[in-house]
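Student: Chain residues, written in single-letter form:
2 protein chains.
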Amino acid sequence: MKHTISILLQNEAGALLRVAGLFSSRGYNIDSLHVAPTQDTSVSRLTVVTRGSDEVIQQICNQLLKLVNVIDLMDMTDDMHFQRELMLVKIHLNKGVQNSIQQYAGELNANILDQERDSFVMEITASYRHMGTILERLRTFGEILTVVRSGTLAMRHGVGNFDH
Amino acid sequence: MKHTISILLQNEAGALLRVAGLFSSRGYNIDSLHVAPTQDTSVSRLTVVTRGSDEVIQQICNQLLKLVNVIDLMDMTDDMHFQRELMLVKIHLNKGVQNSIQQYAGELNANILDQERDSFVMEITASYRHMGTILERLRTFGEILTVVRSGTLAMRHGVGNFDH
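The listed protein sequences derive, respectively, from chains A and B. Taking my numbering, the leading residue of the first sequence gets 1, the next gets one more, and so forth. Taking my numbering, the leading residue of the second sequence gets 1, the next gets one more, and so forth.
Chain A on its own, in the form it takes in the complex:
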């Protein structure tokens, strides 16, 4: 099962390397990963989507917590969390689909970044669960040239002890 783990890291050289090294040396899968600053410039947030049984995920979390620079972490897999993703897509449109893709962009509340003769670029924000379905639908409008995905961003509902 897919799990989304959110990790607060001291923003120091080698912090990302240690996390990536743990996943690599133990053979844990990384579906997506992103790391960026929080509002505190000394702390970054790293979110990693991985797969495994509950037991393996528990192992990963325990090992992560032992790493230098890991302040705290939370498994954000259940419905108590927002899980969102940003995707940029560039499509070479088939003829005559301009209106229908604009309508679909409207349904998705997507932002059209560019419309040229030979390319159409849109930006979509959605639950990561829906991205596959959205890509399938977009393929009906033309050839997908480029996909850039952020990976999952996760945030806990309500006010809790993992805010930063």
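Derived by calculation from the structure, the hints in this document are not laboratory data. Some clues are possibly wrong.
Claimed, not checked - Not close to chain B: a few residues of chain A, all C-beta gaps over 10 Å, as computed:
hint	residue
1	Q10
2	A20
3	S42
4	R45
5	G52
6	S53
7	D54
8	Q59
9	D72
10	G96
11	S100
12	Q103
13	A105
14	E107
15	H130
Said to hold, decoys possible - What follows is a list of derived Cβ distance ranges for each label pair:
hint	chain 1	residue 1	chain 2	residue 2	range
16	B	G14	A	R137	39 to 49 Å
17	B	S100	A	R26	45 to 55 Å
18	B	S53	A	Q98	36 to 46 Å
19	A	N94	B	G158	13 to 23 Å
20	A	R137	B	V43	19 to 29 Å
As the list claims (entries may be wrong) - Chain A regions said to be covered by chain B (calculated; three or more residues, Cβ under 8 Å):
hint	region
21	24-38
22	80-86
23	116-125
24	142-149
All C-beta atoms, glycine included, are put in the ideal place defined by N, C-alpha and C.
Here the structure of chain A is known, so what remains is to put chain B in place on it, guided by the hints.
Tutor: Here is chain B on its own, set in the frame of chain A:
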């Protein structure tokens, strides 16, 4: 100066580790980084925002290209590229600002994910250059509890040789 480098990677164990290791061992800064699949499941795209003189950036690119699993890369810093970022923000609102923050969310074309008594969660997509200004403005509505940022997603304008 900040540079956004987009890297196509073979999706193999240790690929991320080698990239992170290069930045760490040479002391190159990482402002943000994300890695996620492209539409080809054997290829991932890694985007890293780093800082340095043109000479240093050229060094980084040359060294990255020598790494196992790096297929290709492109410096996506100039105006020939879309540079977008997703940010989730949770705010403890001051009294009486509900209407004004909803109006601001409308101006940003932001999506309100949650409104509870003690927290307000919105999702904002914008050029990464504007995120600092947006955060400053959001602080006028209350205390910012959590910020989750994707880091920069970059895509080349038009149709080129770096589509994937």
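Student: Taking 10 Å as the cut and beta carbons as the points, is A:E107 off the interface with chain B?
Tutor: With a cut-off of 10 Å, A:E107 remains clear of chain B, as the shortest Cβ separation is near 14 Å.
Student: Does A:R45 sit more than 10 Å from chain B, CB to CB?
Tutor: For A:R45, whose nearest Cβ neighbour in chain B is about 6 Å away, the distance does not exceed 10 Å, so it is violated.
Student: Against chain B, does the region 142-149 of chain A show at least 3 residues with beta-carbon separation below 8 Å?
Tutor: With 6 residues closer than 8 Å to chain B, the region 142-149 of chain A meets the three-residue bar; holds.
Student: In terms of beta carbon proximity below 8 Å, does the region 80-86 of chain A have 3 or more residues touching chain B?
Tutor: holds (count 4)
Student: Are three or more residues of the region 24-38 of chain A within 8 Å, CB to CB, of chain B?
Tutor: n = 11 at 8 Å, threshold three: holds.
Student: Should the hint that B:G14 and A:R137 are 39 to 49 Å apart at their CB atoms be regarded as holding?
Tutor: Since the Cβ atoms of B:G14 and A:R137 sit about 34 Å apart, the hinted range of 39 to 49 Å is violated.
Student: Can we trust that A:H130 is non-interface, i.e. its beta-carbon lies farther than 10 Å from all of chain B?
Tutor: holds, 14 Å
Student: A cut-off of 10 Å on Cβ-Cβ distance, and A:G96 was said to be off the interface with chain B. Does that hold?
Tutor: Correct as stated: the minimum Cβ-Cβ distance to chain B is 19 Å, above 10 Å.
Student: Examine each Cβ of chain B, and state whether all of them lie more than 10 Å from the Cβ of A:D54.
Tutor: Since the minimum Cβ distance to chain B is about 22 Å, A:D54 lies beyond 10 Å and the statement holds.
Student: Is the Cβ of A:Q103 more than 10 Å away from each Cβ in chain B?
Tutor: Given a closest Cβ separation of 18 Å, the condition holds.
Student: If you check the beta carbons of B:S100 and A:R26, does the distance land in 45 to 55 Å?
Tutor: holds, 49 Å
Student: Does A:A105 clear chain B by more than 10 Å, comparing its Cβ with all Cβ atoms of that chain?
Tutor: holds, 13 Å
Hint compliance for this structure: hints 2, 4 and 16 are not met, and every other hint is.
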